[in-house]
Structure formats: C-alpha cells, structure tokens
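Q: Protein chains in written order, with the numbering used here: chain A, 1 to 239; chain B, 1 to 288; chain C, 1 to 315.
The set of hints was computed from the structure by calculation and includes no laboratory data. All C-beta atoms in this analysis are idealised placements derived from N, C-alpha and C, irrespective of residue type, glycine included. Keep in mind that a hint or two might mislead.
Unchecked claim - To give an idea of the interface, some chain C residues facing chain B are shown, with a C-beta separation under 10 Å as derived from the structure:
hint, residue
1, 10
2, 53
3, 55
4, 106
5, 114
6, 123
7, 272
8, 275
9, 282
10, 288
11, 300
12, 308
Claimed, not checked - The list that follows gives simulated cross-link-like pairs (lysine to aspartate or glutamate, EDC-like), each with its CA atoms no further than 16 Å apart:
hint, chain 1, residue 1, chain 2, residue 2
13, A, 88, C, 193
14, A, 88, C, 194
15, A, 197, A, 171
16, A, 92, C, 193
17, A, 88, A, 107
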Amino acid sequence: MALLTVSDLTRDFGGLRAVDRFSFTVEAGEILGLIGPNGAGKTTVFNLITGFLRPTSGEILVEGRSIVGLRPHAVIRRGIARTFQLVKPFPKLSVRENVTLAAFTHEPARRRAEAVACQILERVGLGDRLDAPAADLTLGAQKRLEVARALATRPRVLLLDEPMGGLNPREVDEASALVRQIRAEGVTVVLVEHVMKAIMRISERVVVIHHGEKIADGAPERVVQDPSVIAAYLGTRVA
Amino acid sequence: METFVQSLVSGVLTGSLYAMIGLGLTVVFGVMRIINLAHGDLVMLGMYGAFWSHVLWRVDPFLSLVIWVPLMFLGGMLLYRFLLRPIVPGGELNTLLYTAGLSLLIANLALFSWTGDYRTIKLPYAITPLRPFGIAVPIPLALAFALAAVITLALYLFLARTDLGRAIRATSQNAEAAALMGIDVERIAMITFGLGSALAGAAGILLAPSLYLYPTVGEILIAKCFVIVVLGGLGSVAGAIAGGILLGLVESLGAVYVSVAYKDTIGFVIFLLVLLFRPSGLFGVGKA
Amino acid sequence: MTRVAIVAVVLILMMAPPLVTTNQFLLHLAITVLLWTLLGASWNLLGGFAGQVSFGHATFFGVGAYATMILYLRLGLAPWYGMALGGAAAVLVSLPIGLICFRLRGPYFSLSTLAVAEIVRLVALNWEALTNGPVGLLITALPPVALGTRGINWESKVPFYCIIAVLAALAMAATWILSRARLGAYLLAIREDEDAAESVGIDTVRAKVLTLALSAFFTGLGGGFYGFYFHYVDPDAVFPIAVSVEMVFIAVVGGLATVIGPVIGAVFLTTIGELFRERFQVGHLIFYGLFMMLVIRYLPEGIWGGARRAWTGRR
C-alpha cells in the first residue's frame, strides 16, 4: 500500500477549477518531484493535502486512512508535515523556540523537547544560532529552520514547497544534500520546485501538473522529453 | 402605508449622513489599510466646530463648512505626517491600538474643555418641517442630504476625473505599482488622510443641527461607521454610500416594524453576519 | 533571583495599604487599582499571550456583574459565592462568542468582539425582566458573616480590599502558570503566525477557546466583585465600550504577555485617572489615550516590558 494516495483530487474557487481530478501516489522512502508551470496548482495541492484547504471532491489517504476534512494540526499528527513557499517562521521567537514548539507534538516535556530541537538544528546546520530571533536569519537559514521545524514533528512524509527558491547555486547544492539526508533518515519527501537542475537531480520520480491536471508521471529523464510537458512549459509552437 | 413611506424617507435621509461618516473611513482604509478608530471623534470635532461657530460668530452651521472643512483637511494631513506615519510600519494591530488611544485623547480633551453637557444647535428654520406629499421632512435634514449628495458627487468626480484622484485610486489598488509609476505614495497617503478627516468634519457639520452634541458621541459613531463600511466593503466609496443608506433604512424600518429598543442591535447583528459570511462586503476591495 | 525578589516586593506592596492607612479615599483608590489589575491581567491572557485583541471584554465583566447581583437579589446567594458563579457564567458566554469571533483574524476579530459587546449591552438595556433595564440593580444590605468573634464590617473598605487583593493575585498566578506551560508557548506561536502554528501541530482553535474561557472567567470574577463592592450595577456602567477599551489600555501600557505588566499599567493609569477625576471630574481618560500613544510609539513592549529589556540588556 502506498504511503500517500491522492485520488481524483479536485478544488474549485468559484468558477475556477484549480485542481482537476488530480491523482498520484507516494511510496515510502522515495523522493518525488512535483513540477509544473506557474499557476499550475502545485501549492494548492499541498494546501489540500495538509488541510489548509478543503477539497471540493476527491480522496487523500495516508496508509489507507482518509485525512480529508482534518485541520492542519491533525494532519501533522498523521505524519504529513510541510514547509511554505514564502517562509513562515515565528519571527520574534528564537531559532530554538521555533523548533521546540514543533517538538512538543511528540515530547510534552519542555526539556526533552528542547533537546530534540537542538539535535535537529545541529543536523540542518543551525546549531550555532540557537538563540537568534528567527527574523534575523538569512533566507537560506530560514528555509533550513522551517525544514527543522517540520522534522521535529516526526513526519512520515515531508512536503517541501519550493525549498530552493531564492537560493544561490551553492545554497541549492546544500539544500539538495539536505533533502537526500532527510530521506536517508527514513522520511519520504515530496518537493515542489522550479529549479529544474536540482529537482531532476534529486527526484527519483516526477509528476507534472498543468492547469490542475496531471500530464505526466515517471522517471525524470522520460518526463522531461514528454511532448505534452514541453508544450506546457514552452507553448505548442515550439513543441 | 404612510408610516412605511415616512420611515423609508427618514431612513434614506439619515442613511445619507451615515454614508458621509463612512466615506472618510473607507477612503483612508482603501489607500493605507489603516482602520482609524479616531474617525468618529473627528466627526465629533466637526459637530462642535459647527456648534461653536454658530454660538460665537452666528455663522449658519451649513455655511461653516467653508471654514472647517479646509482646516480639518490641513489638520488631518498634519496628524498623519507627524503622529500616524511613524506608527504604520508597526503593523495593523499597533495602528489600531494607536488610533484607539488617539480617539480617547481627542474625546476626553473635548470632554474636559467643553464639559459633557448635551448641546443642540437651534436654527430658526428648523422648527417647521417640510411636508412634501404629507411626509414630514425636517429642513436641516433635507439640507444635509442635499449637501451630502453634492459633496459625494464632488468626491466621485475628483476621484474619477482628476489626476490626483486617479493617483489616489491607483495607490489604493496597489501601492507598490503606483510607486513604480512615479506616484509619491507618501504624499498621497498624507493627502488621503487629510481628505478622510475633511470628510469626517463635513459629516459632523451636516449632522450637527439634527443631533444632540456631546464629546463622546464618537464612540457610537465609530461603531455605526464600521457596520456601514464593512457592509458596503472596506475601501469602496460606492460601498460606503450603499452601506450607509442600507443601515439608515434598516434602523428606520426596524424601529417601526420590529422594536424601537432593539433597532441598534439589528445593525450589529448584520455586521457580524457580513463579517462571517461575506467579509468583502457588497462592493469591497476585500481584506488586506 | 531578582525576578523572585521583584514579585515578592509587588506582593508585599499589594498587601500593604490596609495595614498602613485608614484613609477611605486611598483605600478606595487601592481597591480600584487592584480591580483594574485583575481586569488587565485577564485581558492579557488572550490579548497579550495569544495576540487576539478583544475590544469586547466588557461582555464578560458585565455578565459576571449581573450574574452576581441577580443571584443575590433574586435567589439570596451570597455575593462571595456569586462572584465565582459570575465567572462561570462569563465562561459559558465566552463559548459561543469564541465560536463566532475566532473565525476572524486580526482587526476583524477585534471589530467583531466590539459588535458582540454592543449587542449584549443593548440586550441588557432592554431586557427589563431580567436586568431591570436602565434602572439597574441595587444591593441595600449584605448578609452578615462571622469572622472569629465578630462579624465582618461591610461598611469598611478593608474586607473588600482583602478580597480584591486575593483575586488579583490569583489572576497573576494564573498568568505565571500559563507563561510556563506548554499552552503559553503555543499562544505565543499563535500570536506570531497562526497558520505556521497549525503547521507544527498546534490545535489553534482549542488553544484560543481555552484561553478565552480562562480570560472570561477572571473578567467575570472582576465583574462580580464590582457589583459586590459598588452595590450597584447598570448596563452603562458594566457593558460600555469604555470598559473594554480601558482593559486593553492597561494591559498594553503595562506590558503585554507579562505577569507584572497589568499591575504597572493599573497603578499608572488608574491612579492618574482617579486623581484627575477627583480634581476635575471629567476627562480622566485623557491620560489613557496619551499613554497608549506614547507606548505604541516609543515603548511597544509596555512600561514593564521595556524596563525588563533595559535591565537585562537583551531581548
């Protein structure tokens, strides 16, 4: 049984169908890429899975159990965590406190929660800035903070929304290494990304979404040569 | 039937004045996303302006528009430039609290200076109402309605036809883009706040002959103002007008057909319903 | 250690007045300061910690006041029990209010609480069968209570002082416990970013509803005390916007999300306000407005928050 199953997921905003009978599965242990042109519906899919939006219709199963209708905090408890496209740290709280709050999901006692938080922060490379207010960090560091925060909730699946956005090439490489490290520790990763080089390199499988519909699903090398995918990105005249 | 028409007419007349109060608030919110809790007290200042110029200098309150509106425009600009502008970067909630403080300050300074005694403006032509088709229409209210219509039309023409008006509308739609087009957004903000204050003052002057004046009246006015502005849609001029007239009608008809006592409650209940189910209001620019 | 010393000093100062003076005006002033400390601390739980700025807390104050008065005047339940039930009544009322108002965020939440408070005030004004309308409710005699060999002298301010001091201390203790508990940390997260809080597994609705209930309880308790002490309650005394606004100001000026903040805010604002009122009768809220403006502009953490920062030299 797949770890995460999305079937015929649909979401309407008034007259606009943002996500249209979108289906895909995520197997345990894989790194899945979700790509598509701007406005294709990628972040909407994440919002639907994590409970920030309710689907108009369709089903979302985690190990066979439905999570449709659950509020975001309950989705966390089922093992799905996410990061945001535009980082949302707790700006005035310290780096340590940001992650400790997330660690509370599995460690009710503050001291243990803080210890767990510090461990995770070391692993993502923020161990030297534990007391800094989150707002003072660079964008790259804030993105790593958000990953640390998500990891502290002990997710089975981690949804990363454009983790490389706004990073320079060196930071992109570091982020890619971090994604691989996370998977090595047993967390399944789904990432939405525009930085093609990165996503093609780290994903084992890629799903392409366009106008809310799935138009391709397979190994990166194959997907990138799929004519409908090329048409979606570049337009039909070029294809 | 006659009661129905009478309350309809009263509702529209009062509603037009409510709309005037709402205009200033909505224009300021539209451009700067500031919810000015002191707006009701600016209306109060307009009311007292009309009162004092009538008592001290025998100026007809409606004529005193000429004196007070420019002064309040200037005052509003200075208020924004020196008091509000440093606060705005602190966020919506901080600004809300600051204007709450300002409101208390203005209302209580007025209370201290002019005492809490209820005042009225007695006009010789207010005693006998007009009776078109048998419907009683007090003359000051009719005059206020007419002037409110003129002012609103002038506002509309200003926003739609002049360069400055267009700049204001552009800034309210997208401040960043406006700045990129060469609009001095800070100057527009200052002018808009001046405009909002002038409209508040004008509303106060038009209301003064028809209401009891007391320094803390701003409290009730701002509460009604929110109902109007949220009903019509924060940031929309047409919305403020529609919301004001709607509230006037609801209160007037509610007083006759539901209960005099609870007529004010109806407005607040509608307010809550709108906030919950249609927060962008009838014409709104929507939540920021 | 200094933190404990400060708290000890404050507690001692709170208990001192009836021991050092018999001046009725000063005792009345002290009682008023402590009442506003209680109210400011109650509001602070929701407004300071959770960042939900309510402009309608007078609802809970008034419900507590009326519940206490009605229970005593109609059912003979002594006010010292009535106060607790007043708090409970306020909690009950807070549940539907939270259900409605927590759907909104930021300034829209604040405006909705204002609307609710006004609706409640108007209902109290008009539902004469329950509340006696604008005439209000009056206590003419309090039941005798034995304390050792003598009865408590309800004519004196001292017993009232003791009661309000205990209530205020309770509210401050509750604040302190909250600040150390996981719920307190959750509230600070919600204040920073509600969506991010949800995304790290915090049940934001439950946290907000719980905090509102706690806040409503203490506010209702204060309302009950108000009726008990002043002997008279009417809708314009306990439900007006001014009461809600004063609570906000005391908490903000004193220092949001701190235990000592509301005390400082009440001491400052209430003392200046009452002294001004003694001398000039009207306009005492001028200082509330002025201090709010100064605090937001120059000292957004409030007087106590700013003092704490200057002390420790760090944020």
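Q: All the hints need checking, so say for each whether the structure fits it.
A: How the hints compare with the structure:
1. 10: violated (25 Å)
2. 53: holds (6 Å)
3. 55: Where the cut-off is 10 Å and the nearest Cβ of chain B is about 8 Å from residue 55(C), the hint holds.
4. 106: This hint holds: residue 106(C) lies near chain B, its Cβ roughly 6 Å from the closest one there, short of 10 Å.
5. 114: holds (7 Å)
6. 123: Constraint on residue 123(C) satisfied, holds at 7 Å.
7. 272: violated (12 Å)
8. 275: violated (14 Å)
9. 282: At about 5 Å, which falls below the 10 Å cut-off, the nearest Cβ of chain B leaves the hint on residue 282(C) intact, so it holds.
10. 288: holds (5 Å)
11. 300: holds (7 Å)
12. 308: Interface hint status for residue 308(C): violated (19 Å vs cutoff 10 Å).
13. 88(A) - 193(C): Satisfied, since the Cα-Cα distance of roughly 7 Å is no more than 16 Å.
14. 88(A) - 194(C): holds (10 Å)
15. 197(A) - 171(A): holds (13 Å)
16. 92(A) - 193(C): OK: residue 92(A) and residue 193(C) at ~10 Å, within 16 Å.
17. 88(A) - 107(A): This hinted pair is violated, its Cα atoms lying about 23 Å apart.
Checked against the numbered hints given earlier, this structure breaks hints 1, 7, 8, 12 and 17; the rest are met.
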